[in-house]
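Model the full assembly from the supplied sequences, consistent with the hints where possible.
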Amino acid sequence: MTETLLREAAEELARALKKVKDGTLADVKKTPALARDLRDAFELMQEERGRFDKLRKQAAGTVGTRALDFSAARDEIGRRLACLRNAEPG
4 MTETLLREAA
14 EELARALKKV
24 KDGTLADVKK
34 TPALARDLRD
44 AFELMQEERG
54 RFDKLRKQAA
64 GTVGTRALDF
74 SAARDEIGRR
84 LACLRNAEPG
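Throughout, this note's numbering is defined as the position within the sequence shown, counted from one, plus 3.
It is worth saying that the hints were derived from the structure and are not from the lab. One thing to keep in mind: the hints can contain errors.
[As the list claims (entries may be wrong)] Calculated lysine-lysine pairs in the BS3-like style (CA-CA distance at most 25 Å, straight line):
(1) K32 to K22
(2) K33 to K22
(3) K32 to K21
(4) K33 to K21
Pasting the structure below:
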């Protein structure tokens, strides 16, 4: 969706600029608005990409910038269980 919006905004701006270059000055007033639309579409796409990456990392078991180390977690659980067994009376 956002990529389509970005592509359409870029195409519309390109058409308007081509008309201006060809000497049709009617579209000169539209170009700043079209450039803003293109910038807004680009920013929206970047935000969506960031949200997607965040969700992808969460689904893959990545928290922050570090992946979960299940092997280390298993070792730590084993160590703590051993401490509890050793602490039992008798």
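Hints, verified against the model:
no., hint, in the structure
1, K32 to K22, "holds, 12 Å"
2, K33 to K22, "holds, 11 Å"
3, K32 to K21, "holds, 14 Å"
4, K33 to K21, "holds, 12 Å"
Consistency note: the structure conflicts with none of the earlier hints.
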